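*Asks:* Now for the letters of each chain:
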Amino acid sequence: MDKVLEVRNLSKIYGKGCSSCFELTGSEFNTNICPQCGSIIAAHDVSFDLYKGEILGIMGESGSGKSTAVKCLYFDQAPSSGNAIFFDEGKKYDLFELNAAQQRGLANQRFGMVYQNPHLGLNFDISAGGNIAERLLMSEVKNYSDIRSRARKLLMRTEVQTERMDELPKNFSGGMQQRVQIAKALATNPSLLFLDEVTTGLDLSVQAAILDLILEIQQQQKTSMIVVTHDLGVIRLLAGRTLVMKYGRVIESGLTDQILEDPQQAYTQRLVASAL
Amino acid sequence: MNINEKPILRVEGYSKYFELHEQNKIIPSSHDVNLDVYPGQLTALTGPTGAGKSTVLKGIYRTYLPSSGRLLFRTKEDVEIDLAQADEHLILELRKNEIGFVTQFLHALPRQSTEDIIAQPLIQRDMDRTQARNLACEMLSAMNLPEELWGISPATFSGGEKQRVNLARGLVSRSRLLLLDEPTASLDPNTTEKIITLIESLKDDGIAMLAIFHHPELVDRMADNVVQLEPAIRIEKTLKEIA
Numbered sequence: 001m002d003k004v005l006e007v008r009n010l011s012k013i014y015g016k017g018c019s020s021c022f023e024l025t026g027s028e029f030n031t032n033i034c035p036q037c038g039s040i041i042a043a044h045d046v047s048f049d050l051y052k053g054e055i056l057g058i059m060g061e062s063g064s065g066k067s068t069a070v071k072c073l074y075f076d077q078a079p080s081s082g083n084a085i086f087f088d089e090g091k092k093y094d095l096f097e098l099n100a101a102q103q104r105g106l107a108n109q110r111f112g113m114v115y116q117n118p119h120l121g122l123n124f125d126i127s128a129g130g131n132i133a134e135r136l137l138m139s140e141v142k143n144y145s146d147i148r149s150r151a152r153k154l155l156m157r158t159e160v161q162t163e164r165m166d167e168l169p170k171n172f173s174g175g176m177q178q179r180v181q182i183a184k185a186l187a188t189n190p191s192l193l194f195l196d197e198v199t200t201g202l203d204l205s206v207q208a209a210i211l212d213l214i215l216e217i218q219q220q221q222k223t224s225m226i227v228v229t230h231d232l233g234v235i236r237l238l239a240g241r242t243l244v245m246k247y248g249r250v251i252e253s254g255l256t257d258q259i260l261e262d263p264q265q266a267y268t269q270r271l272v273a274s275a276l
Numbered sequence: 001m002n003i004n005e006k007p008i009l010r011v012e013g014y015s016k017y018f019e020l021h022e023q024n025k026i027i028p029s030s031h032d033v034n035l036d037v038y039p040g041q042l043t044a045l046t047g048p049t050g051a052g053k054s055t056v057l058k059g060i061y062r063t064y065l066p067s068s069g070r071l072l073f074r075t076k077e078d079v080e081i082d083l084a085q086a087d088e089h090l091i092l093e094l095r096k097n098e099i100g101f102v103t104q105f106l107h108a109l110p111r112q113s114t115e116d117i118i119a120q121p122l123i124q125r126d127m128d129r130t131q132a133r134n135l136a137c138e139m140l141s142a143m144n145l146p147e148e149l150w151g152i153s154p155a156t157f158s159g160g161e162k163q164r165v166n167l168a169r170g171l172v173s174r175s176r177l178l179l180l181d182e183p184t185a186s187l188d189p190n191t192t193e194k195i196i197t198l199i200e201s202l203k204d205d206g207i208a209m210l211a212i213f214h215h216p217e218l219v220d221r222m223a224d225n226v227v228q229l230e231p232a233i234r235i236e237k238t239l240k241e242i243a
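Going down the list, the protein sequences come from chains A and X.
First residue of the first sequence? That's 1 in the working numbering, and the numbers climb one at a time after it.
First residue of the second sequence? That's 1 in the working numbering, and the numbers climb one at a time after it.
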């Protein structure tokens, strides 16, 4: 089994931080706001490994720090401390030691990100096809007709009508925008895909189709994925292993069926019991 | 049976209790279970409801985290692994390649055809899709499932049909160790006979099974070993009392 990502002690504090930040927050204190300095502990001591072709779920309610962890790994935010090593084609990258250009390079070529809000993942001023072209241009493909045929293939793959590839994303439905986002994320054949609440807010039938697509991509391309969601159904369907986060901490982790059928922590037991 | 054959699974002092934080209670389930499972043999778990039979199977599959005891599994490479302690990635690998589980109920994606559901475990082992589908169809026909059902989703199937799909998926991958939880509970006598023949042939191929059967006569017919479980003492203790 090949390891793709190794994350150790990842922490992110919003605010100036103080020596009590970690000691006075977390589950025991029922808060992620430091009572001494008022800083927000968005993530603390998050550690995990991810293997090739694996889907890891990160579950938790709003504000639990699940998106923060992923945003740090995709370089949308800088972590306060911790490290992450990305293994790719025989090379090792110490993610938070790279300079900005190197980080952009990895994010553009080897990583893919699909956000809950398509406005974050897509440029709404250019066409669906243009969005994909933009990402391809940032990597190795430079020839216009190559780019166009590649974009068409990707849209076909994610079941977006290719006749509409020159339309602006705003003309598309929410589900279609997510498909364009996924096509864009897949454009460079990334080895690691981050999915942040990608089906939240979509119709059930659209959710199902998007989830099927994600599973298909994982099976065919052996892409490793981190799926952030508050939806137990999404976790059950996609993730082999799951981390449960609360107040910025990973409070429990395990095989997904074990987390759902034999949760150990009081919080996870409540969460599972309250699922529909 | 070859007297020198080593067990594929040894369960030593397995116990499982559930800590329910909200109710502040400890619920005992399996208590001090000891058993061996050998290649080519079927070990049956018997005992009254509440004796923790399913809990033993779920502990071995790691759907439940064991509270104590060792679950020693011997891999293809003849390495002994304690399933109670093993790394999650290793458990996932073993589930994919060596340990199969057939439960009473079918859990499958509602949008997949029956054929695809059965082929799935084979495709996950990187088998060619066409070959996987062919094997899936062979298995469905061995299960007596009408051919016109193969191409549609089992969502609308009867209980017995769903159970056949479930069994077919569990048996098609020919895992070295099979955990069976009442796999024939809702089947008609005819189909049950077919399943018995199939299970016998899997045994002949060296596949080891640990099974729970609803009907005692199935235990009599198929089991090489029987392990009788007694209910754990049903005293629900509060968390404080334990500590």
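Think of the hints as simulated: they come from the structure by calculation, not from any bench.
Bear in mind the structure is a predicted one, so any value in this text is a computation, not a measurement.
Just so you know, even glycine gets a beta-carbon here, dropped at the ideal spot from N, CA and C.
Incorrect hints may have been included.
Said to hold, decoys possible - With a cut-off of at most 30 Å between alpha-carbon atoms, the simulated BS3-like pairs for lysine-lysine come out as follows:
(1) Lys3/A / Lys91/A
(2) Lys91/A / Lys16/A
(3) Lys153/A / Lys170/A
(4) Lys96/X / Lys91/A
(5) Lys92/A / Lys222/A
(6) Lys96/X / Lys6/X
(7) Lys52/A / Lys16/A
(8) Lys203/X / Lys222/A
(9) Lys194/X / Lys3/A
(10) Lys203/X / Lys76/X
(11) Lys222/A / Lys6/X
(12) Lys52/A / Lys91/A
(13) Lys52/A / Lys96/X
(14) Lys3/A / Lys96/X
(15) Lys142/A / Lys16/A
(16) Lys76/X / Lys52/A
(17) Lys96/X / Lys92/A
(18) Lys52/A / Lys153/A
(19) Lys203/X / Lys96/X
(20) Lys76/X / Lys6/X
(21) Lys52/A / Lys142/A
(22) Lys194/X / Lys162/X
Said to hold, decoys possible - To spell it out: a stretch of chain X is covered by chain A in this simulated footprint if at least three of its residues, at any positions, have a beta carbon under 8 Å from a beta carbon of chain A; those stretches are:
(23) 11-25
(24) 63-72
(25) 79-91
To be verified - To list a few chain A residues with every Cβ distance to chain X over 10 Å, as calculated:
(26) Met1
(27) Arg8
(28) Asn30
(29) Asp45
(30) Tyr51
(31) Tyr93
(32) Leu98
(33) Asp125
(34) Asp146
(35) Leu237
(36) Glu261
*Asks:* Does each hint hold? Answer for all of them.
*Replies:* Evaluated hints:
1. The straight-line distance between the Cα atoms of Lys3/A and Lys91/A is roughly 12 Å, inside the 30 Å bound, and the hint therefore holds.
2. For the suggested pair Lys91/A and Lys16/A, the alpha carbons sit about 35 Å apart, so the restraint of at most 30 Å is broken.
3. Taking the CA atoms of Lys153/A and Lys170/A, the gap is about 21 Å. The hint holds against a cut of 30 Å.
4. For the hint pairing Lys96/X with Lys91/A, the CA-to-CA distance comes to about 28 Å; that is within 30 Å, so the pair holds.
5. With a C-alpha separation of about 19 Å, the suggested pairing of Lys92/A with Lys222/A holds against the 30 Å cut-off.
6. At most 30 Å may separate the alpha-carbon atoms for a hinted pair to count; Lys96/X and Lys6/X meet this at roughly 23 Å.
7. Under the criterion of a C-alpha separation no larger than 30 Å, the hint pairing Lys52/A with Lys16/A is inconsistent with the structure, at around 37 Å.
8. Only pairs whose Cα atoms come within 30 Å are accepted, and Lys203/X paired with Lys222/A is rejected, the gap being roughly 34 Å.
9. Straight-line distance between C-alpha atoms of Lys194/X and Lys3/A comes to about 44 Å, which puts the hinted pair past the 30 Å bound.
10. Of the supplied pair hints, the one linking Lys203/X and Lys76/X holds, its CA atoms being roughly 16 Å apart against a limit of 30 Å.
11. Note on Lys222/A and Lys6/X: the hinted pairing is violated, with a Cα-Cα distance of about 36 Å set against a maximum of 30 Å.
12. As the CA atoms of Lys52/A and Lys91/A are separated by approximately 14 Å, the hinted pair is consistent with the 30 Å bound.
13. At roughly 15 Å between alpha-carbon atoms, Lys52/A and Lys96/X fall within 30 Å of each other, so this suggested pair holds.
14. Simply put, Lys3/A and Lys96/X have alpha-carbon atoms about 18 Å apart, close enough for the 30 Å limit, and the pair holds.
15. Proximity of Lys142/A to Lys16/A is assessed by CA-CA distance (about 44 Å); at most 30 Å being required, the pair is judged violated.
16. A C-alpha spacing of about 22 Å is found between Lys76/X and Lys52/A, which places the hinted pair at or below 30 Å, so the restraint holds.
17. Restraint check for Lys96/X and Lys92/A: satisfied, since their Cα atoms lie roughly 28 Å apart, inside the 30 Å limit.
18. This hinted pair checks out: Lys52/A and Lys153/A have alpha carbons roughly 24 Å apart, not beyond 30 Å.
19. For the proposed pair Lys203/X and Lys96/X, the alpha carbon gap of about 20 Å is at most 30 Å, so the pair holds.
20. At most 30 Å may separate the alpha-carbon atoms for a hinted pair to count; Lys76/X and Lys6/X meet this at roughly 12 Å.
21. Pair hint Lys52/A plus Lys142/A holds up; C-alpha atoms about 29 Å apart against a cutoff of 30 Å.
22. A hinted pair counts as satisfied when its Cα atoms are at most 30 Å apart, and Lys194/X with Lys162/X qualifies at roughly 16 Å.
23. Check on the stretch 11-25 of chain X: 5 of its residues sit with their Cβ under 8 Å from a Cβ of chain A, so the three-residue criterion for coverage holds.
24. Against chain A, the stretch 63-72 of chain X contributes 3 residues with a C-beta closer than 8 Å to a partner C-beta. That satisfies the three-residue criterion, and the hint holds.
25. Look at the stretch 79-91 of chain X against chain A: 3 of its residues bring a Cβ nearer than 8 Å to a Cβ of that chain, three or more, so the hint holds.
26. Listed as a non-interface residue, Met1/A fails to keep its Cβ farther than 10 Å from every Cβ of chain X; the least gap is roughly 6 Å.
27. Look at Arg8/A: its CB is around 16 Å from the nearest CB on chain X, clear of 10 Å, so calling it non-interface holds up.
28. Every CB of chain X is more than 10 Å from the CB of Asn30/A (nearest about 15 Å), matching its label as outside the interface.
29. Every Cβ of chain X is farther than 10 Å from the Cβ of Asp45/A; the closest lies at roughly 19 Å, confirming the non-interface assignment.
30. At roughly 6 Å from the closest C-beta of chain X, the C-beta of Tyr51/A falls inside 10 Å, breaking its exclusion from the interface.
31. Non-interface status of Tyr93/A relative to chain X is upheld: no Cβ of that chain comes within 10 Å, the nearest being about 21 Å off.
32. For Leu98/A, the requirement that its beta carbon stay farther than 10 Å from each beta carbon of chain X is met, with the minimum near 26 Å.
33. With a closest Cβ-Cβ approach of about 36 Å to chain X, Asp125/A is found to remain outside the 10 Å limit, as its non-interface label requires.
34. At roughly 29 Å, the least C-beta separation between Asp146/A and chain X is larger than 10 Å, which holds for a residue marked as non-interface.
35. With 10 Å as the threshold on Cβ separation, the claim that Leu237/A sits away from chain X is violated: the shortest Cβ distance comes to roughly 7 Å.
36. At roughly 5 Å from the closest C-beta of chain X, the C-beta of Glu261/A falls inside 10 Å, breaking its exclusion from the interface.
In summary, the structure is inconsistent with hints 2, 7, 8, 9, 11, 15, 26, 30, 35 and 36 from the numbered list given earlier, while agreeing with the others.
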